[in-house]
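Student: As you go down the protein sequences, you meet chains V and D in turn. Each residue of the first sequence is one higher than the last, beginning at 13 in the working numbering. Each residue of the second sequence is one higher than the last, beginning at 69 in the working numbering.
Do not take every clue at face value.
Claimed, not checked - Here are the simulated DMTMM-like cross-link-like pairs (lysine to aspartate or glutamate), alpha carbons at most 25 Å apart as the crow flies:
{"#": "1", "chain 1": "D", "residue 1": "Lys217", "chain 2": "D", "residue 2": "Asp296"}
{"#": "2", "chain 1": "V", "residue 1": "Lys145", "chain 2": "D", "residue 2": "Glu465"}
{"#": "3", "chain 1": "D", "residue 1": "Lys228", "chain 2": "D", "residue 2": "Asp265"}
{"#": "4", "chain 1": "V", "residue 1": "Lys189", "chain 2": "V", "residue 2": "Glu154"}
{"#": "5", "chain 1": "V", "residue 1": "Lys189", "chain 2": "V", "residue 2": "Asp85"}
{"#": "6", "chain 1": "V", "residue 1": "Lys145", "chain 2": "D", "residue 2": "Glu154"}
{"#": "7", "chain 1": "V", "residue 1": "Lys86", "chain 2": "D", "residue 2": "Glu229"}
{"#": "8", "chain 1": "V", "residue 1": "Lys86", "chain 2": "V", "residue 2": "Asp243"}
{"#": "9", "chain 1": "D", "residue 1": "Lys257", "chain 2": "D", "residue 2": "Glu321"}
{"#": "10", "chain 1": "V", "residue 1": "Lys86", "chain 2": "D", "residue 2": "Glu390"}
{"#": "11", "chain 1": "V", "residue 1": "Lys189", "chain 2": "D", "residue 2": "Asp265"}
{"#": "12", "chain 1": "V", "residue 1": "Lys189", "chain 2": "D", "residue 2": "Glu181"}
{"#": "13", "chain 1": "V", "residue 1": "Lys145", "chain 2": "D", "residue 2": "Asp204"}
{"#": "14", "chain 1": "D", "residue 1": "Lys122", "chain 2": "D", "residue 2": "Glu181"}
{"#": "15", "chain 1": "V", "residue 1": "Lys189", "chain 2": "V", "residue 2": "Glu209"}
{"#": "16", "chain 1": "V", "residue 1": "Lys86", "chain 2": "V", "residue 2": "Asp98"}
{"#": "17", "chain 1": "D", "residue 1": "Lys217", "chain 2": "D", "residue 2": "Glu181"}
{"#": "18", "chain 1": "V", "residue 1": "Lys43", "chain 2": "D", "residue 2": "Glu390"}
{"#": "19", "chain 1": "V", "residue 1": "Lys86", "chain 2": "D", "residue 2": "Glu154"}
{"#": "20", "chain 1": "V", "residue 1": "Lys86", "chain 2": "V", "residue 2": "Asp233"}
{"#": "21", "chain 1": "D", "residue 1": "Lys245", "chain 2": "D", "residue 2": "Glu229"}
{"#": "22", "chain 1": "V", "residue 1": "Lys86", "chain 2": "D", "residue 2": "Glu465"}
To be clear, the hints were calculated from the coordinates, so they are not data collected in a lab.
So you can see what is in the structure, the chains are spelled out below.
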Amino acid sequence: MSKQGSASALMAEQSPGPLVAFENVSKIYGKGDAEVRALNGVNLQINAGEFVAVMGPSGSGKSTAMNILGCLDKPTSGRYLFKGVDVGGLASDQLAMLRRHFLGFVFQGFNLLARTTALENLELPLIYQRIEKARRRAMALEALETVGLADRADHTPAELSGGQQQRVAIARAIVTKPSLLLADEPTGNLDSARSHEIMQLLTRLNRERGLTVVLVTHEDDIAAYAGRRLDFRDGRIVRETRNTGKPSHAQ
Amino acid sequence: MLSNTLLMALREIQRNVLRSGLTVLGIIIGVAAVIVIVTLGAGTTRQVGSEISKMGSNMITLVPGGDMRMGGASGAAPPFLAADVEALRRELVGVSAIAPYAQRMDQVIVGNENRRVNIVGTVAEISVVRNWKVTDGRLFTLSEERSGKAVCIIGATIRKEMMAGMEPLGATVRVGKLSCEVIGVLEPKGQAMFGGDQDATVVLPIRTYQRRIVGNDRIAQILISGADSADLSDLKLQITQVMRERRNIAAGERSNFSVIDMTEVAGVMQTTIGVMTTFLSAIAGVSLLVGGIGIMNIMLVSVTERTREIGIRLAIGATEREVMLQFLVEAAMLSAGGGLLGITLGLIGAASIAPAINVPFVFQTSTVVQAFLFSAAVGVIFGFMPARRAARLNPIEALRHE
Ligand SMILES: Nc1ncnc2c1ncn2[C@@H]1O[C@H](COP(=O)(O)OP(=O)(O)OP(=O)(O)O)[C@@H](O)[C@H]1O
Ligand SMILES: [Mg+2]
């Protein structure tokens with residue numbers, strides 16, 4: 013309990029700056045000849061409430077950047093500031109607390125627990141938050157309702173379509189009311205119609221709840237939902253575009 | 069959180085009931101075997117104890133022949149005589165009763181009934197030495213003993229099976245060629261652990277037995293009961309001294325008789341049973357070790373199978389410790405469950421075997437608790453390595469795992 017308290021306290025003071033920031037972040041995999049610079053001196057700021065699309069060719073470092081944003085990985089050099097706090101100095105338990113309370117993940121492969129109902133999948137992050145059963149259930153049902161799947165609460169992933177699974181995964185990511193939602197190619201496994209449903213859902217969450225969304229995609233029409241677009245190439249951001257048609261919801 | 073962890077573990081076990089069952093089979097068998105062995109061992113120990121106490125407390129037996137434990141020959145050893153009994157009666161201090169004792173199998177006839185039973189020659193003091201009680205009638209009087217009168221006391225079986233519907237007291241019983249009058253009936257003593265019915269017996273005054281049944285004046289054993297406060301080892305020393313003097317055995321020469329303390333014999337037997345029980349339990353315990361390795365094996369497989377699940381848990385904010393705890397609890401639950409099952413099977417097994425081998429079923433709470441804790445510990449110990457492996461997975465790689 014005390015650890016949770018300290019993690020919340022860590023992030024308690026609302027810093028006026030960006031929600032997340034990369035300061036000259038590099039990520040190097042391997043050593044010597046086998047060395048790969050997945051990220052090469054990236055600078056980046058994302059404000060609370062923004063909807064950002066990350067694009068770029070395969071191997072350009074998008075997923076690497078997402079993993080660092082998600083506190084699943086640490087930069088080799090440079091600083092990653094989450095709400096102004098340097099994540100590089102945190103222990104693995106503290107990173108887990110950050111993920112538990114402030115981050116939500118959506119993956120290309122849905123990553124729901126198999127043979128586990130939608131409702132139980134949604135309850136899982138709440139269990140780690142030590143939220144008691146009745147409230148957990150209510151929160152999970154509410155999140156399922158938000159993604160329009162309240163009637164599928166007792167279905168296991170195997171009993172759901174791909175689009176439905178991804179909506180359950182989004183519900184699981186937002187059930188804890190995180191500050192930042194990270195989605196790495198969330199529509200990569202879905203057909204066009206299903207992809208647009210997912211994007212409409214994410215847009216709604218961004219607009220109505222002020223949820224900050226960072227999303228990786230290879231499709232221009234998917235990226236068009238975002239307020240800002242970052243293009244990666246060889247571990248760097250090579251272009252940054254503001255989408256005037258769909259303005260960012262940053263203040 | 070712990071209750072959630074327990075629930076999660078339970079669900080995971082339920083999901084793979086068959087596999088879980090096979091995983092803990094070693095534990096189940098091991099625990100069941102240990103429970104059966106320890107329970108029957110305790111039953112046998114208690115049985116020996118009660119047999120010995122039935123024989124009478126503080127009892128010392130004097131038998132011909134050198135130290136039995138040293139393998140002394142008893143064949144050529146001189147038997148005891150009435151004079152020896154008189155001498156012991158005179159010289160020993162701290163004795164409550166002394167009874168000469170001899171026995172042999174012989175024909176007993178009552179009316180049309182005819183049976184070979186154990187014929188005993190002794191004196192009234194046997195009731196003190198061996199806790200024999202007369203339920204009907206009386207013991208021998210001193211004058212009956214001295215004169216070698218044809219009177220007898222019968223065991224409960226003789227009365228029940230050979231004298232049904234008869235008034236036993238005053239009836240005439242033929243023992244070998246001797247006709248004797250029944251003056252008493254002994255309280256039933258039940259089945260002996262080794263050997264047959266202790267109540268199929270006819271007891272005669274020793275002199276009657278010597279003259280009319282065997283035709284000699286030998287006394288096979290002398291049974292001596294120490295007074296309540298008596299020091300048995302001191303009494304044994306006294307007996308040895310008296311007998312060596314009477315037989316003129318020089319210092320340094322071996323005695324041609326033995327003084328046996330029944331409680332000591334019981335102690336040796338019980339210790340032997342204890343050692344046997346421990347030894348057999350240890351062998352059964354090896355099965356627990358094998359069971360533990362089985363659990364480790366399956367948990368390792370499970371960690372690999374569930375790599376992606378572990379990745380998901382880490383991504384949504386589980387700490388390494390929580391992931392580790394989850395797998396540890398699962399392993400402990402598996403093996404503790406197997407332990408419970410093994411305990412149940414073991415108790416059922418012991419309860420059904422015990423009557424068959426004529427031993428009481430002794431339920432020992434401490435054994436059950438220990439078996440349970442031990443099996444749970446096996447799970448924790450052998451689950452530790454797989455659990456640590458799960459906790460140390462890299463979340464990114466785990467999420468990518470196919
Ligand atoms: N664990 C790792 N070990 C070594 N190299 C890695 C590792 N992860 C990523 N890389 C390398 O880092 C570079 C960036 O990978 P990353 O996964 O970030 O690319 P991406 O932009 O997400 O590509 P894609 O669009 O195909 O998903 C690649 O060259 C990749 O091979
Ligand atoms: Mg990628």
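Student: Broken hints, numbered, in rising order?
Tutor: When the structure is compared with the hints, numbers 1, 2, 6, 7, 9, 11, 12, 13, 14, 18, 19 and 20 turn out to be violated.
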